[in-house]
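Trainee: Sequence:
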Amino acid sequence: MNDRFTTPWAELALSRFPRDPRDRLRAWDSSDDYLLRHLAALTPPPAGAVVVVGDRWGALTTALAARAAGTGADGPVVQITESFLTREATRANLAANGLAPDAATLLTTRDAPPERIDVLLVRVPKSLALLEDQLHRLAPALHEDSVVIGTGMVKEIHTSTLALFERIVGPTRTSLAERKARLILSTPAAPAGRGTNPWPLRYDLPGDAALVAGRPVVNHAGVFCADRLDVGTRFFLQHLPTGPGLGRVVDLGCGNGVVGTAVALADPDAEVLFTDESFQAVASAEETCRANGLDGRDGRDGRTVFRVGDGLDGVPSGSADLVLSNPPFHSHQATTDAVARRMFKDARRVLRPGGELWIVGNRHLGYHVKLRRIFGNAELVASDPKFVVLRAVRRG
273 MNDRFTTPWA
283 ELALSRFPRD
293 PRDRLRAWDS
303 SDDYLLRHLA
313 ALTPPPAGAV
323 VVVGDRWGAL
333 TTALAARAAG
343 TGADGPVVQI
353 TESFLTREAT
363 RANLAANGLA
373 PDAATLLTTR
383 DAPPERIDVL
393 LVRVPKSLAL
403 LEDQLHRLAP
413 ALHEDSVVIG
423 TGMVKEIHTS
433 TLALFERIVG
443 PTRTSLAERK
453 ARLILSTPAA
463 PAGRGTNPWP
473 LRYDLPGDAA
483 LVAGRPVVNH
493 AGVFCADRLD
503 VGTRFFLQHL
513 PTGPGLGRVV
523 DLGCGNGVVG
533 TAVALADPDA
543 EVLFTDESFQ
553 AVASAEETCR
563 ANGLDGRDGR
573 DGRTVFRVGD
583 GLDGVPSGSA
593 DLVLSNPPFH
603 SHQATTDAVA
613 RRMFKDARRV
623 LRPGGELWIV
633 GNRHLGYHVK
643 LRRIFGNAEL
653 VASDPKFVVL
663 RAVRRG
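Numbering (my numbering), first residue to last: 273 to 668.
Errors might be hidden in some of the hints.
Cut-off 30 Å, straight-line C-alpha distance, at most; resulting in silico cross-link-like pairs (DSS-like, lysine-lysine) [said to hold, decoys possible]:
1. K658 with K427
2. K658 with K617
3. K452 with K398
4. K617 with K398
5. K398 with K658
6. K398 with K427
7. K452 with K427
FYI, nobody ran anything at the bench for these hints, they're computed from the structure.
With these hints in hand, go ahead and build the complete structure from the sequences.
Mentor: Structural data, given as structure tokens:
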């Protein structure tokens, strides 16, 4: 595949993370290209601190680091991401293009934002809530001369997207579309109607949430189905294995942590690892546990562990008795089962012989076929017209 991205300052070799030669998806799209060409055409060239938000695979950050290296730009390049995979992709792409590790400062959405932003570049995320949260966090660092540019594919930019920029940043307009991409151009003006940041959101779970019915859950912006309990997880909660004796449990792709929290409440002796590639998700899981008294104050110290990472990389083989997951079937805008396949393989590796993987998924995804290929078995635990709960056992 073509992994060369031509920018106004350099031709870059870019890849997604983890790198997979079979993956035909590029690490950039025409919206990244449009933004960089627009930025390069501005007169005079914007100077000062550059902050990049929502960069998918580090294409924007790597290009701007190359710009700074080539032009001697005096301001830092800062990336802010909620994705572990984005951060690792950026590190790999900086190195692949001969740029120093400190050519860009890599922050997460959980870190304190910069105090001053001269250029703010926003790759519009899939989650409108995450965009709202990040604009609220970053707007105080803008000044009247700051350059603010958003970018995305036409199908990703809606009236509600523009309304957020208008309300939180200032007067906003859009560009003409080019190759199905569009720019958002905002002028910082400290709008009087900005309001306060509504995130994180806390609510009590509904009565049909089984083991956690009526319990509080905390959602940071960007977490899947952040304003309500999604129907797949609701179905999963009604069919989870319950204690005692669950042993070492992994909530893989934990989201807001409601599944792992249910297990921890059902079996006080269980050790639960919450893991996700999203910094927002793991922060949500940790606060959901704390809201339910599972933060060590009730004698459970050390029995709940929180980890941001790429699947189960770094988790010892044969160390888990039970893995629970509601795997995603999207990677940004692309529909793919690659993430689920990797999660299933990871789960088999970390399970001890006799350990079990339980998953929930849409019926049409055919996860039972993939589980049989990887585990050699798959059992239907429960089903309804839309979802299935499946169980696979590691045998040897």
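Trainee: Run every hint past the structure and note whether it holds.
Mentor: Hint by hint, here is what the structure shows:
no.: 1; hint: K658 with K427; verdict: holds (27 Å)
no.: 2; hint: K658 with K617; verdict: holds (25 Å)
no.: 3; hint: K452 with K398; verdict: holds (16 Å)
no.: 4; hint: K617 with K398; verdict: holds (27 Å)
no.: 5; hint: K398 with K658; verdict: holds (24 Å)
no.: 6; hint: K398 with K427; verdict: holds (10 Å)
no.: 7; hint: K452 with K427; verdict: holds (8 Å)
Every hint from the earlier list agrees with this structure, and none is contradicted.
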